[in-house]
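Chemist: Sequence:
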Amino acid sequence: MTYEEALGKLEDAKVALSQAAERLQTARRGALSGAYNPRELGEALTAYRQIKRLCQVLRAKVEKLEATREQAQTPPFEPTPHMRFIRWLAQAGRLSDW
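In the UniProt record's numbering, the protein residues as written are 1 to 98.
In case anyone wonders, no lab produced these hints; they're calculated from the structure. Small disclaimer: the values here were computed from a predicted structure and weren't measured. Ideal placement from N, C-alpha and C gives every residue a C-beta, glycine not left out. A couple of the hints might just be wrong.
With a straight-line Cα cutoff of 30 Å, these simulated DSSO-like cross-link-like pairs (lysine-lysine) come out [unchecked claim]:
(1) 64 - 9
(2) 61 - 14
(3) 9 - 61
(4) 64 - 52
(5) 52 - 14
(6) 14 - 64
(7) 52 - 9
Computed spacing ranges between beta-carbons, pair by pair [to be verified]:
(8) 28 - 66: 33 to 39 Å
(9) 78 - 56: 36 to 42 Å
(10) 78 - 4: 38 to 44 Å
(11) 33 - 12: 27 to 33 Å
(12) 91 - 15: 56 to 62 Å
(13) 68 - 12: 19 to 25 Å
(14) 90 - 12: 54 to 60 Å
(15) 28 - 64: 30 to 36 Å
(16) 52 - 81: 53 to 59 Å
(17) 37 - 11: 29 to 35 Å
(18) 35 - 15: 53 to 59 Å
(19) 77 - 12: 45 to 51 Å
(20) 45 - 5: 28 to 34 Å
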């Protein structure tokens, strides 16, 4: 899965989460108003929890892919002239052991 695909799936999951939250809120209001339907409330709560967990998993994937993407964009290390000189001293045996 690429970063863009994961990001798209996360956005879709966020939309589904907001819809599930709205459905759950409606079921809770129904329970408070006296039109209690335990099956509807249970289904709404289960759907909300599943979608919330999916959002957490997708968010973790996006963060992992983002970190991998940032590491890939880091330029390779270039030693400075000072560091090359120190390496030459160590390799040539001219750097004394302290």
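Chemist: Compare the structure with each hint and give your call.
Modeler: The hints, checked one at a time:
no.	hint	in the structure
1	64 - 9	holds, 15 Å
2	61 - 14	holds, 14 Å
3	9 - 61	holds, 10 Å
4	64 - 52	holds, 18 Å
5	52 - 14	holds, 8 Å
6	14 - 64	holds, 18 Å
7	52 - 9	holds, 13 Å
8	28 - 66: 33 to 39 Å	holds, 35 Å
9	78 - 56: 36 to 42 Å	holds, 40 Å
10	78 - 4: 38 to 44 Å	violated, 31 Å
11	33 - 12: 27 to 33 Å	holds, 32 Å
12	91 - 15: 56 to 62 Å	holds, 60 Å
13	68 - 12: 19 to 25 Å	holds, 22 Å
14	90 - 12: 54 to 60 Å	holds, 56 Å
15	28 - 64: 30 to 36 Å	holds, 35 Å
16	52 - 81: 53 to 59 Å	holds, 55 Å
17	37 - 11: 29 to 35 Å	holds, 31 Å
18	35 - 15: 53 to 59 Å	violated, 27 Å
19	77 - 12: 45 to 51 Å	violated, 39 Å
20	45 - 5: 28 to 34 Å	holds, 29 Å
Hint compliance for this structure: hints 10, 18 and 19 are not met, and every other hint is.
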